[in-house]
Amino acid sequence: MKELSLNILDVAENSVKAGATLTQILLTEHDNVLKLEIVDDGCGMSEDVVRSVVDPFYTTRTTRKVGMGIPLLKLACEQTGGSLTISSVTQEADPVGHGTHVTATFHTDHIDFTPLGDVSASVLTLIQGHPDTDFLFRHETDGGVVELDTRELREVLEDVPLNSYDVMQWIGGNLQEQYEALSQVTV
Amino acid sequence: MKSLAELQAIKNRMKDRVVLRDGMEGIRVVVGMATCGIAAGARPVLNAFVEGVNKEGLEGNVTVTQTGCIGICQYEPVVEVFEAGKEKVTYVKMTPEKAQEVIEKHLKGGEVVSEYTIGTVA
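First to last, the protein sequences are chains A and B. Counting in numbering that gives the first Met the number 0, the first sequence runs from 0 upward without gaps. Counting in numbering that gives the first Met the number 0, the second sequence runs from 0 upward without gaps.
Same shape as in the complex, but just chain A (with noise of 0.2 Å):
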């Protein structure tokens, strides 16, 4: 993957899959790490399940036997001397708090970080594919963080679907704005 905001895409439509009605999306960048976490309320997988999808042979997916999607993000952050972990509560073992929490740690400072690159963009397609569920994003930086919440802007426009296009203008050019706002404090 070219920047890390698309193993971001990737690996969060694991989770929509997966039946989540919440994903979060959380970057919190201090001292050089970045740290991704992407958590979910879906239904969970099994030990073995958590086991085996870091191997790039085990898919859900029908039309091919391998998946890529998590051993890419693997590679992302160990190549900069990071770590990947998943921990995950099925729904058979909690009803209620059941769901995955992937975290991935990126060295930023290492010669082989991928750039995040735009996440903004990430999660508009997100919101674009998946209207009905909601998305939590947050982006903490030491100049600031960047937070979206679908169920803050569902609360809003009640029955009008997040992927119209009006909307989904609406909610680029206000990430933007907050990241803007961001870089003035940074630079």
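Please note: incorrect hints may appear among the correct ones.
[Stated by the list, open to error] With a cut-off of at most 30 Å between alpha-carbon atoms, the simulated DSSO-like pairs for lysine-lysine come out as follows: (1) A:Lys1 x B:Lys14; (2) A:Lys16 x B:Lys92; (3) A:Lys1 x B:Lys97; (4) A:Lys1 x B:Lys54; (5) B:Lys14 x B:Lys97.
Source of the hints: derived by calculation from the structure; they are not laboratory data.
Chain A is fixed; fit chain B onto it per the hints.
Here is chain B on its own, set in the frame of chain A:
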């Protein structure tokens, strides 16, 4: 600032327009967004379709959606165009520029851009 008040205004404007589109009539543009598609550059292709369809005022007749792996990863980004009563058209190795052309000629003009279809490229 893109405020919630502005969002509220969008909502009020759109409220009456919502129920209009339902069912399978019209054209459906489906972009493959699995790992293979994303890695090959499907995100900007999808964006180009979403943007272009709205800029051309086609949103009443054309829906742009995402799907998983279509099964021909080596030809990603793959875009399928479904239209009732017509054969499915599969565009392969797409780019935002090619998307623009497909919007102009195919979605707007009704003419399949055959040079980008799987039959020509493969």
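Outcome of the hint check:
1. A:Lys1 x B:Lys14: It is violated: about 39 Å lies between the C-alpha atoms, which goes past 30 Å.
2. A:Lys16 x B:Lys92: holds, 25 Å
3. A:Lys1 x B:Lys97: The hint holds at about 21 Å.
4. A:Lys1 x B:Lys54: Status holds; Cα separation ~28 Å.
5. B:Lys14 x B:Lys97: The given pair, whose Cα atoms are some 34 Å apart, is violated under the 30 Å limit.
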